[in-house]
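Q: Sequence:
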Amino acid sequence: MNTFKVIFLWLLLSCVLYTTGYAQDSTSTDELVFTEITPATADTISKATDTTDTIVKAATKAEQVHTTAKPQEQTLWGIFIAGFVGGLAALLMPCIFPMLPLTVSFFTKGAEKGRAFGKAALYGFFIILIYVVLGLLVTVIFGADALNSLSTNGIFNFFFFLLLITFAASFFGAFELTLPSSWANKMDSNADKGGIAGLFFMAGTLALVSFSCTGPIIGTLLVQAATTGALLGPAIGMFGFSFALAIPFALFALFPSAMNKLPKSGGWLNSVKVVLGFLELAFALKFLSNVDLAYHWEWFDREIFLALWIIIFGMMGAYLLGKLKFSHDSPVPYISVPRLFMATIILAFTMYLIPGLWGAPLKSVSAFLPPQDTQDFDLYTSSLVGGSLPAKTVSGGPHKYADKFHAPLKLDAYFDYNEALEAAKQQHKPILIDFTGHACVNCRKMEANVWPDKEVYKMISRDYILVQLYVDDKSELAPEDVVTTPEGKTLGTIGKKWSDLQARKFQSNSQPFYVLLDPATETLLTPPQGADYEVANYKKFLETGLAAFQTR
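Residue 430 is where the sequence shown starts when you use our numbering, and the numbers rise one by one after that.
Treat the hints with caution; some may be incorrect.
Straight-line alpha carbon distances no greater than 27 Å define the calculated DSS-like cross-link-like pairs of lysine-lysine that follow [what the hints assert, rightly or not]: (1) 903 <-> 858; (2) 854 <-> 752; (3) 854 <-> 968; (4) 883 <-> 918; (5) 969 <-> 829; (6) 918 <-> 887; (7) 752 <-> 833; (8) 792 <-> 829; (9) 903 <-> 883; (10) 903 <-> 829; (11) 934 <-> 883.
No lab work stands behind these hints: they were computed from the structure.
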């Protein structure tokens, strides 16, 4: 495997881990919110009519609109990047890479340079069109509401877990995912017609023939895009995928001499498939973890997740060293230097994961792991709380839902809005609302990278009443807690109730979403904000809220 292949594989690994978290920075739901406001609170709010408060509320509303729109924009960019990386990976599949020179030679043979480029560009456009239409079909078939609920639906998440396991087995060579050969034969026969129609059917033939290699990549991208809740997610993902797939055909038609610099086809193409199979396997565990957390099964904890990742990436490193072989692998008579470097990086990453079994925060991958509080043996949190950072004193016995939820870093958090409101009034402290979710990767990243800072932790534990509201939890509410919206919709689970609260009261449906409230009036102390991994910015956010509360 030459340097080009190794660099590309490492880029692929990095981008898959990055875009998985980046593309899932928000958890969207389709429920509307019903806010329970007492008559006393309503009377208090009605008195807040001075000009200053009006200006602050107007600015706050504008900030909320911006905060809601920004995660959606980031989500679509993340999906596009993931799709583009997937398209680059597909180019190195055994079903596509050998077809590249053959297809380009078809365009350039006996044709002028400009005309050859035009035909190849049109061919690439049809590739993009076919895959984008596929992405749009996913949206049409499932519908916008269904896509919004997929990210936290237990049945779908478990199905996606099994689906990705199947894709991984396919890449390992257990079987091939193929479409009926009659489809490809019919498409290929139409490609002989020539002209624009012929180019379209050529693109269709490529899509069908290469399905055994690209199917798992496409399936993974569609799963990832669908579970972000973004309406155009599947189409954007397929656009990124097909764009990366189409570029080489046009470029090599314009510069055919560059084809000579491409690496020759060989056993290394299968190595790319196997490495992708390991990545599929690691990615699948995230979906299983989502189900375990949302339904409180409490058996797939952080240690088990990490142990499986350590084994998966360890086997990937062993495979690159030639110590692990599959039936369809070519012999590896020696280990090239670039391949050795690649294996070293993978095994170093494996070693990096091992301290996590004892509670190390593993900040670089914390967004993908189950929450730290699921760790049975956690030396890190114990040392943090047992040091100079004081934990908040628990008052009034166990909090509501404390049997279901556990706050990160052993913070004394509430999990019910009204209970936290009453506690804040009694203790004369402002409220920090953390709208979070079991499947929210950026929530875990904030808890692992920002909250442990000494000053931030001190303010959260001493100066605020923290309430964590899980918008994707599937636990049934007690009859007295069930909410009926003004539209007549019954909200029977914890997740629906808090998702509901966030959307109607704060005009946002992305997580994490942090709100600082004055408990006496339930008004904002400062504009809410989402994920911000700069500790200084989050510290300033908390300090601004405290200053506003103290001046009231």
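Q: Next step is simple, just say for each hint if it's right about the structure.
A: Hint check results:
Restraint check for residue 903 and residue 858: the C-alpha separation of about 30 Å exceeds 27 Å, so the hint is violated. For the hint pairing residue 854 with residue 752, the CA-to-CA distance comes to about 63 Å; that exceeds 27 Å, so the pair is violated. Our distance criterion of 27 Å between C-alpha atoms is met by residue 854 and residue 968, whose separation comes to about 23 Å. Distance check on the hinted pair: residue 883 and residue 918 sit about 43 Å apart at the alpha-carbon level, beyond 27 Å; violated.
For the proposed pair residue 969 and residue 829, the alpha carbon gap of about 30 Å is over 27 Å, so the pair is violated. At most 27 Å may separate the alpha-carbon atoms for a hinted pair to count; residue 918 and residue 887 exceed this at roughly 40 Å. For the hint linking residue 752 to residue 833, the alpha-carbon distance of about 44 Å lies beyond 27 Å, and the restraint is violated. Restraint check: the Cα-Cα separation between residue 792 and residue 829 comes to about 30 Å, which exceeds 27 Å; the hinted pair is violated.
Taking the CA atoms of residue 903 and residue 883, the gap is near 33 Å; set against the 27 Å cutoff, the hint is violated. This hinted pair checks out: residue 903 and residue 829 have alpha carbons roughly 16 Å apart, not beyond 27 Å. Between residue 934 and residue 883 the CA atoms are separated by roughly 31 Å; this puts the pair beyond 27 Å, and the hint is violated.
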